[in-house]
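Just need the whole structure built from these sequences, with the hints factored in.
The listed protein sequences correspond, in order, to chains Z and B. In terms of full-length UniProt numbering, the numbers along the first sequence are unbroken and rise by one, the last being 511. In terms of full-length UniProt numbering, the numbers along the second sequence are unbroken and rise by one, the last being 458.
No wet-lab data here; the hints were simulated from the structure. Misleading hints may appear alongside valid ones.
Using 27 angstroms as the maximum straight-line C-alpha spacing, the simulated DSS-like pairs for lysine-lysine come out as follows [what the hints assert, rightly or not]:
1) 190/Z with 142/B
2) 125/B with 4/B
3) 142/B with 206/Z
Covered stretches of chain B (chain Z as the covering partner; in silico rule of three or more C-beta atoms under 8 angstroms from a C-beta of chain Z) [unchecked claim]:
4) 137 to 151
5) 164 to 176
6) 423 to 434
These numbers were taken from a predicted model, which means no experiment stands behind them. Think of the CB as a built atom: it goes at the ideal place given N, C-alpha and C, for glycine as much as any other residue.
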Amino acid sequence: MAAALPLAVLVLLLLGLVGRGHAEPPRDTLREELVITPLPSGDVAATFQFRTRWDSDLQREEVSHYRLFPKALGQLISKYSLRELHLSFTQGFWRTRYWGPPFLQAPSGAELWVWFQDSVTDVDKSWKELSNVLSGIFCASLNFIDSTNTVTPTASFKPLGLANGTDHSFLRYAVLPREVVCTENLTPWKKLLPCSSKAGLSVLLKADRLFHTSYHSQAVHIRPVCRNARCTSISWELRQTLSVVYDAFVTAQGKKDWSLFRMFSRTLTEPCPLASESRVYVDITSYSQDNETLEVNPPPTTTYQDVTLGTRKTYAVYDLLDTAVINNSRNLNLQLKWKSPPENGYVHYQPAQDRLQPHLLEMLIQLPANSATKVSIQFERALLKWTEYTPDPNHGFYVSPSVLSALVPSVVAAKPVDWEESPLFKSLYPVSDSSSYFVRLYTEPLLVNLPTPDFSMPYNVICLTCTVVAVCYGSFYNLLTRTFHIEEPSTGGLAKRLANLIRRARGVPPL
Amino acid sequence: MKIKCRFQKAYRRALEHEEEALSLGSMQEAETVLAEPQKQAEGSLTVYVISENSSLLPQDMMSYIGPERTAVVRGITHREAFNIVGRRVIQVAQAMSLTEDVLAAALADHLPEDKWSSDKRRPLKSSLGYEITFSLLNPDPKSHDVHWDIEGAVRRYVQPFLSALSAAGNFSVDSQILYYAVLGVNPRFDPASSSYYLAAHSLPHVINPVESRLGSSAASLYPVLNFLLYVPELAHSPLYIQDKDGAPVPTNAFHSPRWGGIMVYNVDPKAYNASELPVRVEVDMVQVMEVFLAQLRLLFGIAQPQMPLKCLFSGSKSEGLTTWELDRLLWARSVENVATATTTLTSLAQLLGKISNIVIKDDVASEVYRAVAAVQKAAEELASGHLASAFIASQEAVTSSERAFFDPSLLHLLYFPDDQKFAIYIPLFLPMAVPILLSLVKIFLETRKSWKKPEKTD
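Have a look at this one:
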């Protein structure tokens with residue numbers, strides 16, 4: 001039902017200044033950054049940050065014009081008089097013990113905390129409306145935020161941006177640990193980016209790889225910042241951050257070689273033309289504990305050294321706006337390789353899949369002399385469906401025994417084995433040299449007693465209810481309504497004749 | 001529901017200042033003098049009948065329609081003067097005010113399909129306010145660095161129009177720039193003019209992929225009108241829109257009823273010669289705003305009226321909207337609101353008749369009463385010609401009826417099926433019911449026996 005517009009319909013006089021309007025200097029800037037950090041445990045962490053700074057004082061303008069800053073968030077700031085907004089969606093938990101300290105950690109689930117402006121009269125009403133609108137924008141169930149899971153912290157969560165005077169009655173904080181993060185939350189988050197997954201670093205944000213991780217956290221932070229060093233005027237800053245941690249075993253089958261293609265199944269093709277700065281930082285501080293060195297390919301042109309999170313770190317810098325790094329004919333695919341001295345340890349681990357395959361762990365270890373080595377593994381057994389239980393579930397469930405195969409050095413040199421001549425007990429295992437012998441040992445199987453459901457409960461319930469109703473009610477009813485009347489004796493009947501037969505046989509007088 | 005519309009006519013002699021104004025030399029001066037002293041009531045028209053020889057109008061013109069609610073008709077000395085002049089007055093009034101077409105367009109949603117032909121365009125549904133969004137789509141930021149002075153253009157051209165239209169609702173305007181947003185249709189190449197074109201039959205498919213990027217408004221619940229300005233990519237420049245006959249459309253724009261409009265802005269090829277990519281493009285806002293404002297008028301259903309023969313039209317005011325066009329819009333909106341409110345209340349009543357489970361709470365009931373009272377008041381005011389109060393009453397009727405119909409408390413006890421009730425209560429009551437029934441049967445048999453006995457032993 002679209003219709004083209006003939007010019008003859010126009011009957012307008014347009015007065016006022018004729019001619020092209022001059023454009024004002026751009027009032028918002030975009031910076032994007034990706035930090036790749038190899039972690040001590042062999043995994044790798046990638047942190048994206050997209051920062052849009054908007055030089056405008058929102059409160060004073062009625063009509064709003066948006067360029068890089070997304071319209072949906074700008075309208076929220078002006079309608080609900082926000083001072084700061086922090087919203088994050090996280091799946092997984094950051095294991096500080098294995099991975100080191102994080103840049104920005106967020107709780108599992110959804111977290112929303114907001115500072116309102118001093119001009120807001122009814123903070124709770126604005127909070128309720130804001131959480132409903134955000135749940136529509138990000139396709140998440142933030143509308144479950146109400147007074148039962150909202151608090152007003154009095155000491156922590158001070159404003160992260162500019163603030164003059166902090167009255168904590170304008171702060172609200174809520175967490176929904178039950179919220180699950182999935183592709184439907186990533187897609188609207190990506191739509192807020194100016195270059196929107198077509199150019200620059202946002203090309204790498206593909207949902208099928210980003211959710212195959214042990215930790216996934218995406219967040220939106222809005223706060224007012226100073227526009228310059230003297231802080232004469234205020235700008236609004238929007239930061240969108242995304243942190244993921246790739247697991248070495250799940251993604252890379254235990255090998256510790258990483259590349260952008262292996263992590264994101266994409267490479268960087270072109271920079272975002274709207275960004276004033278677009279960089280990739282790789283942490284090349286080498287960890288000296290395993291005598292391993294990290295090699296980055298292609299080699300970086302510049303490095304950056306600084307103290308981050310308490311330790312001195314070195315970063316390799318790749319500037320995407322530099323045509324030497326990336327141009328039309330060359331993609332950028334960073335590769336990280338660990339160069340380690342040859343080791344003779346080997347670990348193979350295959351995780352279990354429910355109802356398909358069990359766990360498998362194989363290790364090749366060298367035992368030091370005169371020592372005791374203890375190997376333990378923690379595992380969880382999932383609850384079965386009630387039709388999958390065996391007929392004797394209270395016996396328990398078995399865990400298969402472990403196997404130890406070893407080549408034990410022999411104190412006394414042995415003669416080589418002749419298969420036909422030597423006795424049978426010598427030719428069980430083939431031995432290549434006479435200085436060691438092969439032995440295979442097994443541990444005991446493990447019998448685990450797991451909670452089992454009571455399979456007789458449905459039957460019990462039916463029997464009990466029917467019995468109670470029938471017996472109690474039936475007897476009461478009969479007692480209340482039975483009437484007695486005299487009955488004449490009847491003269492026949494099969495039962496009486498059978499009884500008389502038996503009495504005659506016994507020699508007792510008949511009835 | 002039946003609608004009748006009629007003109008209520010009142011005659012009087014011209015007042016002093018009106019005589020002076022009508023004897024002035026030209027129409028413009030007369031206009032300025034006539035318009036000032038009194039403010040005519042909304043929905044009314046004032047038609048002045050001047051003498052046959054008056055030089056106010058050019059010789060061959062019989063009537064004149066002005067931008068405010070005034071019109072001038074040339075008189076005639078003839079035996080049937082009264083009838084002829086009366087007919088001319090009626091023609092002028094119909095051009096400036098309500099006709100059957102306008103009413104049919106307003107009630108488009110409520111008429112059955114056969115009475116309404118689908119190639120007539122439907123105007124926007126009546127609502128308390130609208131949100132207008134101007135978006136600049138730049139699919140190729142590497143080649144084009146597009147700048148537009150949208151703030152100035154909105155201030156100079158759009159705001160005056162919207163403030164003239166402010167009686168019809170609340171308006172808010174904003175704008176955005178979207179990068180890497182492509183139209184859903186691949187344009188075809190035309191070797192004859194070495195340009196790309198979008199055929200008319202592919203235009204409906206253009207809008208859907210873009211709409212996901214436009215986003216919905218977070219700030220308000222009013223319907224959104226989108227006006228998009230598309231700067232085609234370097235590989236597809238220049239891009240023209242073709243109409244059904246294959247000719248390129250002069251304004252290179254099209255609109256979709258009840259949604260908004262799209263205009264394609266081709267970059268001047270001379271700009272590519274000198275400089276390297278990206279090329280700086282300054283959008284000519286006058287050309288763009290002409291098209292968008294005309295599309296906005298069409299979307300609201302403010303179309304060019306049928307001018308009677310030999311009629312001089314003064315042209316529009318500088319805002320782009322004449323007062324009687326606004327009146328016509330308000331008449332149509334009032335009728336539409338009353339129809340919508342009536343339909344909603346009737347549906348609610350039918351729903352209650354069919355599903356007996358629904359519980360109506362007190363506040364829902366009070367909204368229904370308020371809606372009914374507002375509908376009656378609106379109908380009365382419309383009948384007596386008070387446009388402003390009729391419009392306000394009709395808006396209140398629509399609001400109350402929608403609030404009553406969409407109240408969430410109506411759904412609470414909706415789904416309570418009968419077979420579940422049986423499944424719960426039978427296992428409990430059947431064991432109790434069986435002995436009762438048996439003893440009832442026994443009582444009945446005994447009573448019958450005792451009736452028969454006195455018959456026997458008599």
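For each hint, the structure was consulted:
For the hint pairing residue 190/Z with residue 142/B, the CA-to-CA distance comes to about 20 angstroms; that is within 27 angstroms, so the pair holds. Using a Cα cut-off of 27 angstroms, the hinted pair residue 125/B and residue 4/B holds, with the two alpha carbons roughly 22 angstroms apart. At most 27 angstroms may separate the alpha-carbon atoms for a hinted pair to count; residue 142/B and residue 206/Z meet this at roughly 23 angstroms. Residues of the segment 137 to 151 of chain B lying with their CB closer than 8 angstroms to a CB of chain Z number 7, which satisfies the three-residue condition for coverage.
Check result for the segment 164 to 176 of chain B against chain Z: holds, 5 residues qualifying (beta carbon to beta carbon below 8 angstroms, three or more required). Under the rule that three or more residues need a Cβ within less than 8 angstroms of chain Z, the assignment of the segment 423 to 434 of chain B holds, with 4 such residues.
Violated hints for the displayed structure: none, as all numbered hints are satisfied.
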